[in-house]
Amino acid sequence: MSEQLVSQLVNGLLIGCMYSLIAIGLTLIWGVMNIVNFAHADFLMIGMFTSFWLYTLYAVDPLYSIPVCAVLLFLLGWVIYKFIVSKVMTGPGLAQVVVTFGVSIFLANLAVWLWTPDFRMIQRPLLHGTWDFGAVQLSVPKTVASIGSVLFSAGLFLFLRMTKTGKAILAVEMNRTSALLMGINTEKVNALSFAIGTSLVGVAGAFLSMYYYIYPQVGGTFGLLSFCVVALGGFGSIEGAFIAGILIGIVQTLGGYFFDPAYKYAIVFAVYLVTVWIRPQGLLGW
Amino acid sequence: MKKLAPWQIALCVAALVASVAFPLVVKGTFPNHVMIMVFLFAMMGVAWNIMGGYAAMFSFGNVAFFGIGAYTSTVLLMNYNVNPWIGLVAGGLLAAAAAAAIGYPCSNIRSHYFSIATIAFAEIVRIQFNNWKFVAAAEGLSLPILPEGFRNFMFHSTKIPYYYIILALLALSLVVCWYISVTRMGYYLRAIKESHELAKGMGISFVRYRLYAIMISAFITAMAGTFYAQYILYIDPESVLILPISVQCVLVTMLGGAGSIWGPVIGAAILLPISEVTRVWLGAKGTGIDMMIYGALIMLISAYQPQGVWGYITSIGRRTK
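Chains as they are written, first to last, in numbering that gives the first Met the number 0: chain H, 0 to 285; chain X, 0 to 320.
Chain H on its own, in the form it takes in the complex (with noise of 0.2 Å):
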């Protein structure tokens, strides 16, 4: 019994490492912008169809197409904040948080035109198979990915720390006025952090397509635990997220151990509304 309970307890730590990931992307638009992008989960999908075709038609492997969705996003996102995101920034505060919602629908039913609705999966990928720790048997391709995203948050981390630009980035975020005062290009700083948060998710993708399904409404669950996550780590709090991810991603598989396995988004959805209603501005917000 309570060997299960461990390896419930390390997979809720990898899928959470997966939260952490995608939800660092989110949390840098959210903070540099102050806008919620409701299409980051699409940008996942995105990612992961990028891996799937790439596998399918050339026969790369997702760990070898990491790169190239990595900069096909960056470019996505680059062009949908040049030519929507950037329209609303000045706008009524509704049209910001709709705007993006256009964007999901749009992106979903794009990829359901373009590839159908079906449920797809990398047949054989490179990391496949299970390492046997006698108590707790890890997935190989879930391990690689959790160990990937923690690296690569660890990388966002550092960029924002020791880089000039990542300096100006948290600039921005803690005061756009002052930011622009001291000679900060801030249409530039919101144009890039909007096409790094797209990178970093479609990142996400490329590792999530080693073991999960690929299909055009995939966004739809880990977009609402990613805004979750990033409401309970606090606003645009790069450290709050990669904490609360790997927090929810525990909940949620405690939660589906110990209650319903039916019930597990519901439990983090409640535990999301119970946090929020003791400290408004989530763990680690300002």
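Because the hints were derived from the structure by calculation, they are not lab data. Note that the structure is a prediction, hence the values are computed from the model and not measured.
Simulated pairs of lysine-lysine, BS3-like, Cα-Cα distance not exceeding 30 Å:
1. H:187 / H:81
2. X:132 / H:263
3. H:166 / H:187
4. H:86 / X:192
5. H:86 / H:163
Use these hints to put chain X onto chain H, whose structure you have.
Below, chain X without anything else, positioned relative to chain H:
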């Protein structure tokens, strides 16, 4: 109390006459169905507008109230043989109670956190209904077929009575919305929208009026839910508790112009025919192209015409002056 301008009264009368005359002039099931959907979503948009447009509480969870309304009247009818008209009120009351129960603890949650909290709430409700044996879980409920008539809120041979019922319900919600907007509550809500702190400083009970707005909105949305159940005669969590319905409430309001009384009606009158017609023409094969156009439309409107149609009209009016 602010008086209506003559042209506004003329517009109201013209709209009323046109909508009353519509089914007498245009025959056919499909146009009537489209108009019923227009009124249904206009009504939900009006409800959304009371909390979203006036008080800037952007809810993406109104579908929970819609579902509660639909399920309450249906369960009362099936299990306890309660008349759907009583179910209509009961559903509204239950939804308002649920709104108060969820809205009160959430009253210090603002902006994006509020939006996401509403999604979380609606998702919890959906998951609960999807697994709840008492309401047949994911199988859904088929309403018992009763003899047709106004008393049973059920008509089989024609859609026209449904048309007039939803028109009356829409008119009722518009009156409520108008009443709120010209009385003290409307000013309070707009003050809260402009600045929480200032409104608080002026002595407006921020928690109480936000709660009133949410409860009224929930009541109206639940009535729309009951109507939907009586109209379609079949409900399941996948048709009355899904996120796209919430999104639709937001969109009709935004397209028409949030914070104005007529905004949601105009928005619904534009959006619903487009979505119904593209669904019938292009969506029959499940290609997704209808929803694609829909998504593109939302993107473009919010990026390039964010004040909505009503905002556009009034801005023309100001320019010519």
